[in-house]
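Novice: Sequence:
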Amino acid sequence: MQPAPNVACNYYRTLFNPSHPDNKYDLVWGFDGYVLASCNVSPEIVVEDKRECGQGRILRTVTAKGPNNIIVKATQTIWVVDCDPFYVSDDKCDPDDDIVWPDCDGAGTSVFGCGANTSPDIIGRPEIANNADDNCALISIEHDDEIFTIEPDACYKILRKWTVVDWCQYDPSKGVYSGRWEHTQVIKVNDKIKPNVTCHVGACEPAAINTLGVCVGHISLRATASDSCTPSDWLSYEYKIDAFNDGTIDYTVGKLTQVAYSRGDRPAVRNNPNADNVNNPFDASGIYPIGIHRITWYVEYVCGNIGTCSTLFEIKDCKAPTPYCLTGIITVPMPSTGCIDIWAKDLDAGSYDNCTPKSRLKFYFNSDTSKLSIRICCEDFEKANAK
5 MQPAPNVACN YYRTLFNPSH PDNKYDLVWG FDGYVLASCN VSPEIVVEDK RECGQGRILR
65 TVTAKGPNNI IVKATQTIWV VDCDPFYVSD DKCDPDDDIV WPDCDGAGTS VFGCGANTSP
125 DIIGRPEIAN NADDNCALIS IEHDDEIFTI EPDACYKILR KWTVVDWCQY DPSKGVYSGR
185 WEHTQVIKVN DKIKPNVTCH VGACEPAAIN TLGVCVGHIS LRATASDSCT PSDWLSYEYK
245 IDAFNDGTID YTVGKLTQVA YSRGDRPAVR NNPNADNVNN PFDASGIYPI GIHRITWYVE
305 YVCGNIGTCS TLFEIKDCKA PTPYCLTGII TVPMPSTGCI DIWAKDLDAG SYDNCTPKSR
365 LKFYFNSDTS KLSIRICCED FEKANAK
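Under this note's numbering, think of the first position of the sequence shown as 5, with each following residue one higher.
Don't read these hints as lab results, they were simulated from the structure. Source: prediction; values computed, not measured. Yeah, the Cβ is synthetic: ideal placement off N, Cα and C, and Gly gets one too. Misleading hints may appear alongside valid ones.
Unchecked claim - The following label-pair restraints were derived from C-beta to C-beta distances:
(1) 252 with 149: 46 to 52 Å
(2) 204 with 270: 19 to 25 Å
(3) 342 with 213: 41 to 47 Å
(4) 363 with 268: 44 to 50 Å
(5) 79 with 163: 51 to 57 Å
(6) 236 with 58: 54 to 60 Å
(7) 253 with 114: 32 to 38 Å
(8) 163 with 253: 40 to 46 Å
Stated by the list, open to error - Restricting the straight-line Cα-Cα distance to at most 30 Å, the calculated cross-link-like pairs of lysine-lysine (DSSO-like) are:
(9) 54 with 69
(10) 198 with 259
(11) 54 with 77
(12) 323 with 375
Please put together the full structure from these sequences, using the hints given.
Specialist: Next comes the structure, spelled out in structure tokens:
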């Protein structure tokens, strides 16, 4: 003899039409019990509900007392069964499932913009189908996110693991997946906006002649960058310097992030001997030769886009020469012509410059570079005295 639930479900299936799987047919459970007596009888009915999750036994006990005070008692067992329990197959895209998984084929959902909303309300969540969330099911849906930032086809990837449990079926003694189902939704976040890079060039500093006899000067060269997708300390920096701006790259340092730099890592390329710190791709400050040069920073973030900043910087001798000249009364023999030429360089008493050799210093009068000398005649003094 089959148990009552099996008999009921077998009968239910005879009413089921596979051509219309969404149609459900009510079962005929039979008739209520009744009490017969020769006189009026007032039966007392006590119901004991032993169902769990809407399924199980209902015990209905009917007690009646006849005129001879004989008590008659009978207990009716009513079985409530779920012939169509919440069902999820191993095929995540099975149309007959009672759940519709987001991204069921695992191809992934692409989202553009690092500030985009990736919540389940926008990207999608598991949906209960076929009215399966009925009184015979107690379904919970939860998710956990795991984020991966190093991905070849995205700025970052979210693996959203969904866990669906029907607590009316869940039985860990039968296995961890008895009444429990999992699915991983793949979310790929991309961004096409390049990092914003800013070059910072310091003010002119005094130059000097180095040990090779070349006039050089120190200058501050830094870059900062920001990005909507990547924290600033995770941006990868690299710079290239075209000395004298002649179209040829002479110095390169990079690539490296601030996080890697802070832990002591060194960039793969670091061939700028002029830099204060050859291992720092964010700061190219250093001593460079006199002239106009170009520096370009390249800043890359996890999405692969590269932002740039390129600027010219000039190293020049921004300190004027230090003049020393003869003072006091200077006696010069007057020629018979009554006129004499005085050369500016003849008044030099040891002038010097931090960059220019003494032999290349220029001496002139009245800020006129072409006026290297002046002629003074006796008549000039006569005119001055006449006034």
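Novice: With reference to the structure, classify each hint as holding or not holding.
Specialist: Tested hints:
Taking 46 to 52 Å as the suggested C-beta distance range, the pair residue 252 and residue 149 conforms, at roughly 49 Å. The hint said 19 to 25 Å for the Cβ distance between residue 204 and residue 270, and at roughly 23 Å that hint holds. For residue 342 and residue 213, the hinted distance range of 41 to 47 Å is satisfied, since their beta carbons lie about 45 Å from each other. For the hinted restraint 44 to 50 Å between residue 363 and residue 268, the CB-CB distance of approximately 48 Å keeps it satisfied.
Between residue 79 and residue 163, the C-beta spacing of about 54 Å keeps the proposed range 51 to 57 Å intact. Checked against the hint of 54 to 60 Å, the pair residue 236 and residue 58 passes, with Cβ atoms roughly 56 Å apart. The hinted range of 32 to 38 Å is satisfied by residue 253 and residue 114, whose Cβ atoms lie roughly 37 Å apart. With their beta carbons about 41 Å apart, residue 163 and residue 253 fall inside the hinted range of 40 to 46 Å.
Pair hint residue 54 plus residue 69 holds up; C-alpha atoms about 27 Å apart against a cutoff of 30 Å. At most 30 Å may separate the alpha-carbon atoms for a hinted pair to count; residue 198 and residue 259 meet this at roughly 17 Å. For the proposed pair residue 54 and residue 77, the alpha carbon gap of about 20 Å is at most 30 Å, so the pair holds. Annotation: proposed proximity of residue 323 to residue 375 holds, straight-line Cα distance about 22 Å (limit 30 Å).
When each numbered hint is compared with the structure, no violation occurs for any of them.
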